[in-house]
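All chains should be built: construct the whole structure from the sequences, respecting the hints.
Heads up: the protein sequence lines correspond to chains U and R, in order.
When we follow our numbering, the leftmost residue of the first sequence carries the number 1, and every step to the right adds one.
When we follow our numbering, the leftmost residue of the second sequence carries the number 10001, and every step to the right adds one.
For the record, the hints were derived by calculation from the structure and aren't laboratory data.
The reader is advised that the hints may include incorrect statements.
Stated by the list, open to error - Under the rule of at most 25 Å between Cα atoms (straight-line distance), these lysine to any residue pairs were calculated in the SDA-like manner: (1) U/80 with R/10947; (2) U/197 with R/11008; (3) R/10978 with U/189; (4) R/10942 with U/133; (5) U/123 with R/10949; (6) U/110 with R/10049; (7) U/108 with U/76; (8) R/10077 with U/189; (9) R/10913 with R/10041; (10) R/10077 with U/110; (11) U/193 with R/10981; (12) U/153 with R/10972; (13) R/10978 with U/191; (14) U/149 with R/10980; (15) R/10077 with U/129; (16) U/80 with R/10972; (17) R/10979 with U/110; (18) R/10942 with U/105; (19) R/11023 with R/10731; (20) U/193 with R/10872; (21) U/123 with R/10041; (22) R/10978 with U/123; (23) R/10978 with U/4; (24) R/10077 with U/134.
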Amino acid sequence: MNGRRMPVRILSLLLAAGLAGSLAYGLSNARKGYEPRQPILFRHTRMAGVPVWQKDAKGEMVNVGGFGIPCVYCHTMAYKGRHSTVPSTAVCMNCHTSVGLNKEWVLKMKEYWDRGEPIPWVKVHDLPDFVYYDHSAHLNAKDEKGEPKIPVKDAEGRRINPCEACHGKVEQEEIVRVQVNFNMQWCLDCHRKPEMKAPTDCVACHR
Amino acid sequence: MNPNETSARPELSAVDRREFLRLSGTLAAAAALASAGCQPPQEATIPFHDMPESLVDGLGPARFFHTVLDGSPVLVKTREGRPILLAPSPNDGSGRGLTLRHHAALMDLYDPDRARGPLSVRRGTGAPVASSWSAVASDVASRLKAAGRKAVLLRGPASGPALGAAVAALSERSGLREVVWSPLGSDAAREAWTRAFGSGRVARPRLDRADLVVGLGSEFLDRPGDGLEKDFAARRSPDPADGRGMSRFVQLEGRLTLTGANADRRIRVRDSQLAAVAAALAHELVVVRKVGPLAADAAVARALAPYAADVVARQAGVPASVLTGLAAELAAASGRAVVVAGGSASSAPSGPALEAAALLLNLAIGAFDAGLLDRTDAEEPYAGGGAALAALAEEMRAGKVELLLVAGVNPVYDAPVSLNFAEALAKIPWVVSLNDRLDETSLLADVLAPASHPLECWGDVSLPRGFVAIQQPVIQPLFDTRGLLDLLVDWGAAVDDPAAVAAVAAARAALAKPPLPASAAPPPSPSVAWHYLRAAWATRLGHEAGTPAFDAAWNEVLRSGSWQGPAPAAVGTGLAPAALALLAGLPPAPSGLELQLYPPIALADGRAGNNGWLHELPDPITRITWGGALSIAPRRFDEMKLRNGDLVEVDAGHAKVVAPAYRHAGMHDDEVALPLGLGRTACGAIGAGVGPNAFPLRLLADGRVLAAGLPVTIRKLSGNEPLALAQGSDVIDRDRRPLVPVTTLTAYEKDAKAGTEQVEGGPSIWPSHPYPNARWAMAIDLSRCNGCGKCVIGCQAENNVPVVGRHGILDGREMSWMRVDRYYDAPKKDGRWDAEVWDGPLEVVEEPLTLFTPMLCQHCENAPCETVCPFVATMHSADGLNQQVYNRCVGTRYCANNCPFKVRRFNFWEYGKKQESALMRALEPRIKRNAELNTRVPMQMKNNPEVTVRSRGVMEKCSFCIQRIRAATSDATRGGRKKDHYPDGAVVPACMEACPTGAITFGDVNAPGAKVAALAAHPRAMKLLESVGVKPAVSYLTKVRNDKA
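Here it is in structure tokens:
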């Protein structure tokens, strides 16, 4: 064997391994940080964020923060069905028949409403098709003491939003971004915790 | 490494800077390409524009609707607004059953070969051109008015009160006449009953009340639409809960039918002799033994005089002792026995005589008085209409018909050849077909105005016992089609029928009014049939239309599925002597070979000829898929030196048909049989040209369509057409392979464990599974299973099992997760059977004892498949399931190789997607065919969204309907219930849901009081292959034959 070629071969092997690795990484559903642009710049900060009252130029108290609307006001099925469901435009119109009518994106939404077209939202949290995830089974899961398995209180007893456990603090996100890599390792990290008593059978999620 | 090269170390720097940079550049580019190109695709998530109020719980859960299809009530499961499963209606009180065609109706609904809109066909001269509904409507309306009495509506037997009223109004106002044609209708029973009691309605046999059932060519299990299988199964278990004991079923028939295969005793009598044999039984009972009220009737004695048992026995080739013995059995069971005639034998020339003799028998044994023939539950059998169709053809030829509307029938395909219907059609100035596709008849029409599938449109149907059900649409029409009732009401309005005019006006008003967003009340339907129906139902429900009381009553009918009106009048009792005349001078039986043409259990009359599920379902007896064959008795078959698939010409004089030969066990030596419903030439890409068309062999004589007892000759031709058989072996020698538990009632009463004997196995080296909580298990009662195969279709629909086509079956690549194995039980023999038993020796297959075993993944505790998978893609779950993980499977097929039950299926092709390139489709015709069978739009709509559509290269198998188990788990979580055990009924797999007889029980075997646990612990229960130690989760309960004559 020609000694000159040897390091080249080792390097090529390394390169091939690197290539395969990056391919595998690309193929895995690693989407942490994924924040697609939506057809309407819907701000969860405004809808679900914490209210911040300030005096405006005229000296009136205005809320420059959010309205603190609970997640399930729009994502109605989170506790009832597999999908938390994206709200229909009619839900937006519950309020926007009378408020925010001078805002650019509200008007854009109203255009969809007037045309009778649904808004083509882009899916942010997108699991592979062979995974059958059920929101209701997670949010309703209780331990032996009847406490929700997904925490609703932090260590100091303050209420926390159970949705945060997977979706992060959506109410602080201008643009919704995937906070964790939704891969099987991440699912199992939780399912394998002894206190969770969660199924680890394949058919729990794959069928 | 070469030791000499150790000195080369300093040369590591030989990869110089440039080369390093070049390589790193390539790597960076490749990585960028890979990560960009392999990003998961961006998906849209489209919500409602305005979610309807009634859907406020979202679209996730399935919705269920009651409707009627082909005259039987069904429960339709829909997801996201599309039907994905049809199941028996749980609240049905009418007693109608579901046929395989009902279960497979999704394939008809989502059939891409249906007409997409009205077509101007122009009698097949040139390609059909698209037309419009407004053109069709104005054209038909003006022609209806012009034609007057010369307009004819030719329709099928399915009908309802509203459709009847619409046609009656049309005929009153425009003169339209109605002719009904039912290709499988038999006039025999109607004729006998009309003569006997003055009414053509036939009473329903109550098999659940009978201790003895004698079938004279009966095919009640082969024609499950009558709904008798449930009653029958209720008495087939040797230890019934109500203590009524097991019934005994004796069947006399020429061809081994599914019904005969379930008999305790089967006597071979050819169709043409059945009437005489039935009369001989009546003679023996009434004249010789003086049983029953008819014994005193001299006219009856005179009519039966020529049928002394010994005379008939000589003619029919049945020992006289068999006849007298059976008569004695009937006499002993008087008041507890019922005789069921009919089936294909009724369409023999002597069919009416057979029905009349059966009537005499039933009167003699007191079946009417004991309620075994339910006088209060009688209905008109299918209108035959052979005579009416013949008269119509005559008028057509004579130019007495100017406008023909064809609705739901296909006479060019199935009318007797002597009518030459195609030629008669050509004589009519204008033919409009309302069929759903360009079928044989539509191709010869001027216009095709395609009717919607019954699941897409409104209607109603009369059911037995006074029930009326509403046919409600469960999906918007997929194509530009219209409901049959909608069309008739439209045309009724054109001729000023006031009810139709009102309905059309109301529908127009509903269209004009835009629906209010999120309004509480659903907007009125723009369907004219809906308005017409509601007006008609207002009278029936006793409320004024449009009132809240009416709406509530109407919604209640829709919710519950049907409405029960007054029960129809009981059929008469006194026997009119006119019926006896039928017994005088029976037509002579053919001296040589005779032919029976039977509707196969799946395809029946071939109406659903483009349904891949039905084609692929193996016939329960012959196990043939994708086609049919000429059934020949084993003895004759061997004498003719035939092999399965050898082409044979069947010559009935008036027509000849070439078909492959099949060695049909239990066939009468002088009878051959061919299935109908095959050989469609124009039904679509799936079914066209599959099998031989046997309809031309039927004969029209004296206004009756004869399909049995026809004299034929057969001749072997050269050539062989391989039969797509779904099963390799026929005969099981249970001495060597005790794989089906079966015994006789006598043996069972001595020892409840009889029949479950197995080969002893050694100790297991595997540790046992703990199953701390639920463990899923199944029990299949072989005494209740009749082998019909509905579980197979139910499973296929639920689990997105693809259709593999004829090539797939021939390659041995069937995909069905569930199958029903049919075996002929080799009788015990001194000195054991040798290998020759596998070839089906005459002593086994001439008088076969048929066994059916539903076979599915046994979810073994020590599953042989699990231990061999190199990728751990199949393993045991904590609740006892043998899991198959598609996204882990790489397709070594080692598991299938190691499965002793042959239940693992491999995706040799990409059945679910159409992703092969055009080049590949051209190179490999099987790819093209797979796509044709599975992936043409809108076929994918039938798929169950809860189950993965598998891709090529992965193994799959029965999952015990894991999606339904998971639904129950989620349901328990949501309801805050414990999930360690599940009550009975929490999970019902698709096969159990489809099973009409309750043979399949599924549940958590560890749950307290579980039915499946009781069955698994029953002495009749047997788990297969105990000697191998696989420990299945499925128990089979012994099939018990009632040998107590």
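Okay, the hints, checked on the actual structure:
1. U/80 with R/10947: holds, 20 Å
2. U/197 with R/11008: Distance ~22 Å between residue 197 of chain U and residue 11008 of chain R Cα, so the pair holds.
3. R/10978 with U/189: holds, 23 Å
4. R/10942 with U/133: holds, 22 Å
5. U/123 with R/10949: Cα-Cα ~21 Å, so holds.
6. U/110 with R/10049: holds, 11 Å
7. U/108 with U/76: holds, 23 Å
8. R/10077 with U/189: violated, 37 Å
9. R/10913 with R/10041: holds, 17 Å
10. R/10077 with U/110: Violated - the C-alpha atoms of residue 110 of chain U and residue 10077 of chain R are around 35 Å apart, more than 25 Å.
11. U/193 with R/10981: OK: residue 193 of chain U and residue 10981 of chain R at ~22 Å, within 25 Å.
12. U/153 with R/10972: Cα-Cα ~24 Å, so holds.
13. R/10978 with U/191: Answer holds: residue 10978 of chain R to residue 191 of chain U is near 18 Å, not above 25 Å.
14. U/149 with R/10980: Satisfied, since the Cα-Cα distance of roughly 17 Å is no more than 25 Å.
15. R/10077 with U/129: It holds: about 22 Å lies between the C-alpha atoms, which stays within 25 Å.
16. U/80 with R/10972: Holds: residue 80 of chain U and residue 10972 of chain R sit about 12 Å apart, inside 25 Å.
17. R/10979 with U/110: At roughly 46 Å apart (the allowed maximum being 25 Å), residue 110 of chain U and residue 10979 of chain R break the hint.
18. R/10942 with U/105: Judged against 25 Å, a Cα distance of about 39 Å means the pair is violated.
19. R/11023 with R/10731: Distance of about 21 Å is within 25 Å: holds.
20. U/193 with R/10872: holds, 22 Å
21. U/123 with R/10041: holds, 10 Å
22. R/10978 with U/123: violated, 34 Å
23. R/10978 with U/4: Judged against 25 Å, a Cα distance of about 69 Å means the pair is violated.
24. R/10077 with U/134: holds, 20 Å
Checked against the numbered hints listed earlier, the structure breaks hints 8, 10, 17, 18, 22 and 23; every other hint is satisfied.
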